[in-house]
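*Asks:* Chain order of the listed sequences is A and B. Take 1 as the starting number for the first sequence in the numbering used here and just add one per residue. Take 1001 as the starting number for the second sequence in the numbering used here and just add one per residue.
Think of the hints as simulated: they come from the structure by calculation, not from any bench. Treat the hints with caution; some may be incorrect.
With a straight-line cut-off of 27 Å between C-alpha atoms, the simulated DSSO-like cross-links for lysine-lysine are [claimed, not checked]:
| # | chain 1 | residue 1 | chain 2 | residue 2 |
| --- | --- | --- | --- | --- |
| 1 | B | K1227 | B | K1149 |
| 2 | B | K1280 | B | K1149 |
| 3 | A | K19 | B | K1227 |
| 4 | A | K19 | B | K1280 |
| 5 | B | K1219 | B | K1009 |
This structure is a prediction, so every number in the text was calculated from the model and none was measured.
The residues making up each chain are set out below.
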Amino acid sequence: MIRVEVRFAGLPRTETGLKAETLELAPDITLERLVEQLNRSYSWEIGRGGSHFVLLNQQSLRRERWSETRLQDGDSVLVISAIAGG
Amino acid sequence: MFSGGYRGKLLRVDLARERHTIEPVPDTILEQYLGGRGVAAHYYHEGMGSSVDPLSPANKLIFFTGPLTGLPLPATTKFQCATRSPETGIYLCTNSSGEVGPYLKRQGYDGLIIEGQARRDLYLALADGQVEFRDASDLVMLDTPAAIKAVRADGEAPDAAVMAIGPAAYNDVRYACIMVGDRSFGRGGAGRVMAAKRLKAVAVSSRGEIPVANPARIKEILPAAAKNARETKRAHNLFGTNQYTEVMNELGCYSVRNFTSGVFEGAATLSKDYVTRHYKDRSSACFRCPVACAQVCSVREGPLAGAVSDPEYETVGTLGGVCGVSDFAAVIAGNQLCDEYGIDTMTVGCVIGYAMECYERGLFTREDTGGLELRFGDAAVMLELIRQIGRGVGFGSLLGKGFRELARTHPATAYYMMHVKGMAFAAYEPRGFYGMALAYGTSSRGACHNVGGWTIRDELLTGEYDRFALEGKGELVKRLQDTRGYIDSLGICTVVRSSMGFTDSPTGDVLLAATGVDFTPRLMTIGERVIDLERTILVREGITRKDDYLPDRIFTEPLPEGPAKGRMLTREMYDVMLDEYYRLRRWDRRGVPACPTEGADREAAG
Ligand code: SF4
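Could you put together the complete structure from these sequences and hints?
*Replies:* Structure (structure tokens):
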């Protein structure tokens, strides 16, 4: 198993009531699968035009790369809500 | 040519003679520059010499609405002001929400140009075709809420929209703002210019209609656009822009202790959930806005009980983060003081943060500060300095001069002044988003996150950019600036713009329905033209490439902690972005455009 920290900021923090949680995941899990898991757990629509986004280790990845991106032990995933306008 | 949206006239006021004239606004100018920011820049370019002293009668206050200002569409609240800034010494464009812009259009004017200096303290009252110069000698030192109330009572016009300046403007605060009801022309010191003109306020009657080209189509567009804005900006309604505080802190890009760090250990008590639980009273909306992003907050207990204001992200990030203050009650109280005195909250936070750092480093002493101990995190000192600045007394009278003047009088402290071209930073750490560094550097008015191009979304969420990469940032910043250039010329709030198709690939028929002319395919070219014109003005005022750099701290000190630890920009790295930006703008290596209407020529050519 690998341990991945999932952090929340913006609306996701309000909706989960959490700043962060650590998940134990299968070693070959992709970012795509983790996002599906989060979408199921919290009724989100990340990656499907919803208002929440994920960053892997502080960087955004193009949607088409999620399925080929395997998570590593110690990775950090940040879930944030859309930001618009300064 | 236009069958709606515009009124085709501007009101020119000569304060010295207490006279006014009404002039046509040529269709060709509106076609080229759209309205608002673009047309105001045009009149500035035409009407102001290169060496005008910002506080002299020769300076002008050029207010312009856009074709959508005041129309029955979402958030048609915006109008623009161009003037020469006493904070930066150069061209300033600044915008405000509120009712004054919409009502000016109802009164029959697209723009209001104020010239000269009055021989007595007065305020202007516009109602039903009349322009009155009314005595304001009893109002001068009233704070802004009291002045607005008094002007309404004096004119027996309880529903008039009023913009007014506060005591700070008369006490030579170079970043004094103009309060427009409870909104403001915040940045750059337009309020100080108004005080130099001895103009306390402008009141505009609410009566009148604005024609539109196709009222039936506007009626159709409104509900769908309002619904879209409400749904897509739900977080803005719930939390306002302060929703970004925890996000920026999480990314290590928050504005902390005069930009010495990107992570603030006190961010939790400034963040949206804490603020909503402990301080929020309600959301409030600007004119015709379905989003209502302003968060009206009050302090319910403790020494600051009774303070009420609506701090936005930038205010929280400057009065809070930059000053190291984690007490949100103090941010509410500081914001309220700024509104009452009429002070830009962002600049004042940055100036106080600078003073705190200089004091901690021994560059200012108790003798300089009149006995005040300036330490990061001391909320009482932050509030006391705002009071001193607003009143023009003590150490505050020095801080009220702003960075450009402080750099002249206190050159040994210049390293700690976080500004570009004299305008203080916004609340984003540029070492955490390299695009933001370029935005601060190349913005038409100094370090500004809006006019400069707000890169955060693209750098963070699209997957197209690495926020620590240089490549592509010139293109990104140019595109965002051009977009903002036309948005600021329309007369709507940027938060709702996409609900009407106003993106960097504009769509829809809103402008056709409003004006009878389909501007939509040309909007990005117009935005580009506005930026070219503004740069031409700046070059005329002495701005060159050397002024497009950030303070040395950004180029020499890596961020010390957090997710962006170790990140910094060297001048060489910054040059890569700046060169790309100039090349795409077809400016030469000194940052000089070929000609102000180059955008127009390019459009005609192809
Ligand atoms: S979104 Fe906010 S700032 Fe914009 S018009 Fe609405 S209330 Fe005003």
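*Asks:* Are the hints correct? Go through all of them and say.
*Replies:* Evaluated hints:
Distance check on the hinted pair: B:K1227 and B:K1149 sit about 34 Å apart at the alpha-carbon level, beyond 27 Å; violated. Simply put, B:K1280 and B:K1149 have alpha-carbon atoms about 25 Å apart, close enough for the 27 Å limit, and the pair holds. Between the alpha carbons of A:K19 and B:K1227 the distance comes to roughly 31 Å, so the proposed pair goes past 27 Å and is violated. Restraint check: the Cα-Cα separation between A:K19 and B:K1280 comes to about 21 Å, which is no more than 27 Å; the hinted pair holds.
Taken as a hint, the B:K1219 and B:K1009 pair is honoured in the structure, with Cα atoms around 26 Å apart against an allowance of 27 Å.
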